[in-house]
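Line by line, the protein sequences give chains E and A. This note's numbering puts the first sequence at residues 1 to 284. This note's numbering puts the second sequence at residues 1 to 327.
These are calculated hints, taken from the structure and not from any lab test. Do not take every clue at face value.
[As the list claims (entries may be wrong)] Among chain E residues calculated to face chain A with C-beta under 10 Å, some are:
#: 1; residue: 26
#: 2; residue: 27
#: 3; residue: 28
#: 4; residue: 42
#: 5; residue: 46
#: 6; residue: 83
#: 7; residue: 87
#: 8; residue: 157
#: 9; residue: 181
#: 10; residue: 188
#: 11; residue: 210
#: 12; residue: 234
#: 13; residue: 256
#: 14; residue: 265
#: 15; residue: 267
[Unchecked claim] Each pair of labels, with its calculated beta carbon distance range:
#: 16; chain 1: E; residue 1: 107; chain 2: A; residue 2: 123; range: 27 to 37 Å
#: 17; chain 1: E; residue 1: 244; chain 2: A; residue 2: 120; range: 39 to 49 Å
#: 18; chain 1: A; residue 1: 54; chain 2: E; residue 2: 107; range: 16 to 26 Å
#: 19; chain 1: E; residue 1: 260; chain 2: A; residue 2: 9; range: 19 to 29 Å
#: 20; chain 1: E; residue 1: 240; chain 2: A; residue 2: 4; range: 28 to 38 Å
#: 21; chain 1: A; residue 1: 259; chain 2: E; residue 2: 151; range: 15 to 25 Å
#: 22; chain 1: E; residue 1: 245; chain 2: A; residue 2: 120; range: 28 to 38 Å
#: 23; chain 1: A; residue 1: 288; chain 2: E; residue 2: 244; range: 25 to 35 Å
#: 24; chain 1: E; residue 1: 121; chain 2: A; residue 2: 292; range: 34 to 44 Å
#: 25; chain 1: E; residue 1: 121; chain 2: A; residue 2: 257; range: 28 to 38 Å
[Unchecked claim] Simulated pairs of lysine-lysine, BS3-like, Cα-Cα distance not exceeding 25 Å:
#: 26; chain 1: E; residue 1: 191; chain 2: A; residue 2: 246
#: 27; chain 1: E; residue 1: 90; chain 2: A; residue 2: 189
#: 28; chain 1: E; residue 1: 270; chain 2: E; residue 2: 284
#: 29; chain 1: A; residue 1: 297; chain 2: E; residue 2: 90
#: 30; chain 1: A; residue 1: 243; chain 2: E; residue 2: 100
#: 31; chain 1: E; residue 1: 90; chain 2: A; residue 2: 246
#: 32; chain 1: A; residue 1: 241; chain 2: E; residue 2: 92
#: 33; chain 1: A; residue 1: 236; chain 2: E; residue 2: 191
#: 34; chain 1: A; residue 1: 236; chain 2: E; residue 2: 239
#: 35; chain 1: A; residue 1: 297; chain 2: E; residue 2: 100
#: 36; chain 1: E; residue 1: 191; chain 2: A; residue 2: 243
#: 37; chain 1: E; residue 1: 155; chain 2: A; residue 2: 104
#: 38; chain 1: E; residue 1: 90; chain 2: A; residue 2: 257
#: 39; chain 1: E; residue 1: 92; chain 2: A; residue 2: 246
In this text, all values refer to a predicted model and were calculated from it rather than measured experimentally. Where is the CB? At the ideal position from N, CA and C, for every residue including glycine.
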Amino acid sequence: MSSLSQESSSTPETNVKRAKRGVPEGLWQRCPGCQAVIFRKQAEELLGVCPECGYHWYISAKQRIEQVLDEGTFEEWDAEIMPTDPLEFKDKKPYAERLKAEQKRTGLNDAALTGTGMIRARRVVICVTDSAFIMGSMGSVVGERLTRAIERATKQNLALIVISGSGGGARMHEGILSLMQMAKVTAALAKYDEAGGLFISVLTNPTMGGVAASFASLGDLIFAEPQALIGFAGPRTIKATIGIELPEGFQTSEFLLEHGFVDRIVSRDKLKSEIARSIDYCGK
Amino acid sequence: MSTTTYLNFEEPLEELANQIAELEAAKDDSPEGHEQLRQKKRELVDKTKEIYSNLSEWETVEVARHQQRPQSADYLNLVFDEFVELHGDRKFGDDRALRTGFAKLDSQKIMFIGHFKGRDLKERSEAYFGCAHPEGYRKAIEKMEMAAKYNIPVVAFIDTPGAYPGLGAEERGQAMAIADSMFVMSRLKTPVISVVIGEGGSGGALGIGLGDRVAMLQHSYYSVISPEGCAGILWKSHIHKEKAAKALKFTSKYLPKFGVVDDVIEEPLGGAHRDRHQMAARLKMYLMKTIKELQAKDIDTLVEERYQKFRKMGVYLEEAVAAEAAE
Numbered sequence: 001m002s003s004l005s006q007e008s009s010s011t012p013e014t015n016v017k018r019a020k021r022g023v024p025e026g027l028w029q030r031c032p033g034c035q036a037v038i039f040r041k042q043a044e045e046l047l048g049v050c051p052e053c054g055y056h057w058y059i060s061a062k063q064r065i066e067q068v069l070d071e072g073t074f075e076e077w078d079a080e081i082m083p084t085d086p087l088e089f090k091d092k093k094p095y096a097e098r099l100k101a102e103q104k105r106t107g108l109n110d111a112a113l114t115g116t117g118m119i120r121a122r123r124v125v126i127c128v129t130d131s132a133f134i135m136g137s138m139g140s141v142v143g144e145r146l147t148r149a150i151e152r153a154t155k156q157n158l159a160l161i162v163i164s165g166s167g168g169g170a171r172m173h174e175g176i177l178s179l180m181q182m183a184k185v186t187a188a189l190a191k192y193d194e195a196g197g198l199f200i201s202v203l204t205n206p207t208m209g210g211v212a213a214s215f216a217s218l219g220d221l222i223f224a225e226p227q228a229l230i231g232f233a234g235p236r237t238i239k240a241t242i243g244i245e246l247p248e249g250f251q252t253s254e255f256l257l258e259h260g261f262v263d264r265i266v267s268r269d270k271l272k273s274e275i276a277r278s279i280d281y282c283g284k
Numbered sequence: 001m002s003t004t005t006y007l008n009f010e011e012p013l014e015e016l017a018n019q020i021a022e023l024e025a026a027k028d029d030s031p032e033g034h035e036q037l038r039q040k041k042r043e044l045v046d047k048t049k050e051i052y053s054n055l056s057e058w059e060t061v062e063v064a065r066h067q068q069r070p071q072s073a074d075y076l077n078l079v080f081d082e083f084v085e086l087h088g089d090r091k092f093g094d095d096r097a098l099r100t101g102f103a104k105l106d107s108q109k110i111m112f113i114g115h116f117k118g119r120d121l122k123e124r125s126e127a128y129f130g131c132a133h134p135e136g137y138r139k140a141i142e143k144m145e146m147a148a149k150y151n152i153p154v155v156a157f158i159d160t161p162g163a164y165p166g167l168g169a170e171e172r173g174q175a176m177a178i179a180d181s182m183f184v185m186s187r188l189k190t191p192v193i194s195v196v197i198g199e200g201g202s203g204g205a206l207g208i209g210l211g212d213r214v215a216m217l218q219h220s221y222y223s224v225i226s227p228e229g230c231a232g233i234l235w236k237s238h239i240h241k242e243k244a245a246k247a248l249k250f251t252s253k254y255l256p257k258f259g260v261v262d263d264v265i266e267e268p269l270g271g272a273h274r275d276r277h278q279m280a281a282r283l284k285m286y287l288m289k290t291i292k293e294l295q296a297k298d299i300d301t302l303v304e305e306r307y308q309k310f311r312k313m314g315v316y317l318e319e320a321v322a323a324e325a326a327e
């Protein structure tokens with residue numbers, strides 16, 4: 001499950017080249033969408049969207065929270081939950097070391113930020129996964145943070161926003177425990193649903209594997225950023241299984257919209273107001 | 001026994017079996033002859049015990065995938081008194097990798113949901129080698145909801161390498177179908193038992209895996225990813241599947257410790273394929289006993305306990321900080 005996505009996001013497939021690890025430092029940046037050389041400041045002012053082609057670049061979970069929430073309203077939850085290595089997993093590198101390296105590189109202690117804040121003065125619970133941290137994959141920490149956030153949203157009767165950027169699906173390094181996070185988070189969402197909660201799921205590039213096959217697909221409303229890679233199995237796995245070239249635009253947001261799995265494709269600059277409007281429609 | 005297909009690591013067993021066959025063919029009626037045959041048979045049992053009590057993770061995968069390992073279709077004959085298949089997801093089609101229907105366990109009515117793999121090539125390709133499409137999970141949802149309506153317990157047999165990775169599956173929302181199935185299962189108002197009978201391949205397995213009790217047969221495996229898939233990503237080649245299998249700790253030796261599997265059902269000596277009748281009998285006993293236990297609970301308690309069971313899964317560190325400000 002994790003496979004699928006890891007490979008897919010580390011190797012750009014389909015029609016558009018995708019940014020691997022976001023915007024590198026430097027004054028200029030080549031757009032992964034159109035290859036144009038863009039003045040970085042300009043793209044940043046556009047929330048990380050290419051001014052030439054509209055391609056949505058990688059942005060971090062922290063930047064997403066800044067973009068979506070009213071300034072200074074974010075209060076982080078459960079930052080003290082830290083990942084560990086229950087399987088004593090070792091591939092080419094021990095997982096424990098990989099965690100440390102990823103923490104140092106990203107400034108995150110795992111792949112999800114959760115908490116509460118305001119969207120145009122409406123209090124919400126917000127969870128964001130960051131594809132820079134082990135492909136945004138879900139292990140025990142991501143699962144636990146999300147579950148606690150959902151349980152608090154249930155208790156406090158708040159709208160729930162989850163922005164997914166997870167190419168890695170369920171995290172292999174924590175084995176079956178990662179797979180079970182899909183069940184855990186899903187079960188919490190079922191309770192939230194029963195209590196009448198409003199869940200808006202926002203899919204960004206990439207949302208694959210076990211994340212796509214659990215919370216990301218369970219929104220009362222599902223929004224997707226343009227041109228994001230979204231699916232269950234990674235393009236390479238599918239190609240290897242069926243042995244034919246994949247059609248252009250396969251597993252993109254637009255493809256999902258066309259096939260009826262996404263409510264709206266929402267560009268980054270409109271996301272905040274679209275969320276606020278939906279909350280109002282649902283009276284939350 | 002005689003028609004068993006031997007796995008690589010079973011070479012000593014094959015040798016012993018051949019020796020026994022030769023001795024039997026020789027029909028030596030002398031006391032020495034009898035003694036020699038008894039001796040060899042004892043050796044075979046001992047060697048089988050030795051090998052099967054020390055299976056590596058990869059060898060377990062080979063047993064779980066053994067072409068003669070009993071499948072859902074076999075257990076439907078051996079464990080249940082009848083199977084009334086209910087086809088179709090009422091939306092698109094009738095998945096052949098995931099089949100559903102009424103079944104009887106003595107007098108106990110149940111809703112059966114299970115992966116089908118097939119034996120010969122025709123059956124196997126019809127069932128996509130046990131890899132379900134979204135229709136399979138949507139069919140499971142339909143039938144589970146129906147079962148809950150009439151208070152029929154659900155028994156789910158998991159035996160899949162994974163959900164099918166293909167064009168149609170993606171176009172028809174594989175990820176959504178699996179998510180929806182878990183969502184429904186997590187709050188289904190009837191007892192649910194999930195049993196991994198062979199391969200428990202990631203999301204495709206978990207899609208029917210949210211049971212009040214989750215059991216696995218001793219030599220089955222249940223994993224976040226196939227050993228080949230994991231090796232391909234982390235070691236950059238499928239060749240390292242044995243290392244990946246070891247690292248993933250997905251056998252019945254580990255999963256109860258992680259709190260993921262409630263019960264391990266012991267297999268006959270040398271694996272379920274060596275004595276499917278005995279395996280079926282043990283499986284039947286387990287199901288009857290467990291259904292009774294679950295039926296004794298008030299339904300809301302049952303559903304809440306199911307929630308709490310999955311709620312506890314996961315291992316992380318948490319400093320004892322009074323950071324419960326959010327509450």
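Each hint, compared with the structure:
1. Nearest Cβ of chain A to the Cβ of residue 26 of chain E: about 30 Å, over the 10 Å cut. The hint is violated.
2. Checking residue 27 of chain E against chain A: minimum C-beta separation of about 35 Å lies over 10 Å; hint violated.
3. For residue 28 of chain E, the interface hint is violated, since its Cβ never comes within 10 Å of a Cβ in chain A; the closest pair sits about 32 Å apart.
4. Proximity of residue 42 of chain E to chain A is violated relative to the hint, the smallest CB-CB distance being about 35 Å (cut-off 10 Å).
5. At its closest, the beta carbon of residue 46 of chain E sits 30 Å from a beta carbon of chain A; the interface hint therefore is violated under the 10 Å criterion.
6. Residue-level restraint check for residue 83 of chain E holds (minimum Cβ-Cβ distance to chain A is 6 Å; threshold 10 Å).
7. A cut of 10 Å between beta carbons decides the hint on residue 87 of chain E: the least distance to chain A is about 5 Å, and the hint holds.
8. Evaluation of the residue 157 of chain E hint against chain A yields a violated restraint, the C-beta minimum of about 14 Å exceeding 10 Å.
9. Given the 10 Å rule on beta carbons, the hint for residue 181 of chain E holds: about 6 Å separates it from the nearest Cβ of chain A.
10. Restraint check, residue 188 of chain E versus chain A: the minimum CB separation of about 7 Å is within 10 Å; hint holds.
11. At about 6 Å, the closest approach between the beta carbon of residue 210 of chain E and any beta carbon in chain A falls short of 10 Å, and the interface hint on this residue holds.
12. Hint on residue 234 of chain E holds. Least Cβ distance to chain A is approximately 8 Å, under the 10 Å limit.
13. For residue 256 of chain E, the shortest C-beta to C-beta distance to chain A is roughly 8 Å, which falls under 10 Å, so the interface hint holds.
14. Hint status for residue 265 of chain E: violated, given a least beta-carbon distance of 16 Å to chain A, over 10 Å.
15. Look at residue 267 of chain E: its Cβ only gets to about 23 Å from chain A, farther than 10 Å, so that hint breaks.
16. Taking 27 to 37 Å as the suggested C-beta distance range, the pair residue 107 of chain E and residue 123 of chain A does not conform, at roughly 53 Å.
17. At about 26 Å, the CB distance of residue 244 of chain E to residue 120 of chain A disagrees with the hint of 39 to 49 Å.
18. Remark: the range hint 16 to 26 Å for residue 54 of chain A to residue 107 of chain E is contradicted by a beta-carbon distance near 45 Å.
19. Against the hinted window of 19 to 29 Å, the Cβ-Cβ separation of residue 260 of chain E and residue 9 of chain A comes to about 48 Å, which falls outside the hint.
20. Between residue 240 of chain E and residue 4 of chain A the beta carbons are some 32 Å apart, a value that agrees with the proposed interval 28 to 38 Å.
21. At about 19 Å, the CB distance of residue 259 of chain A to residue 151 of chain E agrees with the hint of 15 to 25 Å.
22. About 31 Å separates the C-beta atoms of residue 245 of chain E and residue 120 of chain A, a value consistent with the hinted range of 28 to 38 Å.
23. The hinted window of 25 to 35 Å between residue 288 of chain A and residue 244 of chain E is violated, with their beta carbons roughly 47 Å apart.
24. Against the hinted window of 34 to 44 Å, the Cβ-Cβ separation of residue 121 of chain E and residue 292 of chain A comes to about 55 Å, which falls outside the hint.
25. A beta carbon spacing of about 48 Å between residue 121 of chain E and residue 257 of chain A contradicts the range 28 to 38 Å that was offered as a hint.
26. Proximity of residue 191 of chain E to residue 246 of chain A is assessed by CA-CA distance (about 36 Å); at most 25 Å being required, the pair is judged violated.
27. Simply put, residue 90 of chain E and residue 189 of chain A have alpha-carbon atoms about 41 Å apart, too far for the 25 Å limit, and the pair is violated.
28. The straight-line distance between the Cα atoms of residue 270 of chain E and residue 284 of chain E is roughly 20 Å, inside the 25 Å bound, and the hint therefore holds.
29. Straight-line distance between C-alpha atoms of residue 297 of chain A and residue 90 of chain E comes to about 42 Å, which puts the hinted pair past the 25 Å bound.
30. A C-alpha spacing of about 23 Å is found between residue 243 of chain A and residue 100 of chain E, which places the hinted pair at or below 25 Å, so the restraint holds.
31. Under the criterion of a C-alpha separation no larger than 25 Å, the hint pairing residue 90 of chain E with residue 246 of chain A is consistent with the structure, at around 10 Å.
32. Between residue 241 of chain A and residue 92 of chain E the CA atoms are separated by roughly 13 Å; this keeps the pair inside 25 Å, and the hint holds.
33. With a C-alpha separation of about 40 Å, the suggested pair residue 236 of chain A and residue 191 of chain E falls outside the 25 Å cut-off, and the hint is violated.
34. With a C-alpha separation of about 17 Å, the suggested pairing of residue 236 of chain A with residue 239 of chain E holds against the 25 Å cut-off.
35. Pair hint residue 297 of chain A plus residue 100 of chain E does not hold up; C-alpha atoms about 45 Å apart against a cutoff of 25 Å.
36. Restraint check for residue 191 of chain E and residue 243 of chain A: the C-alpha separation of about 39 Å exceeds 25 Å, so the hint is violated.
37. Pair hint residue 155 of chain E plus residue 104 of chain A does not hold up; C-alpha atoms about 41 Å apart against a cutoff of 25 Å.
38. At roughly 19 Å between alpha-carbon atoms, residue 90 of chain E and residue 257 of chain A fall within 25 Å of each other, so this suggested pair holds.
39. For a cut-off of 25 Å, the pair hint linking residue 92 of chain E to residue 246 of chain A stands: about 14 Å separates their Cα positions.
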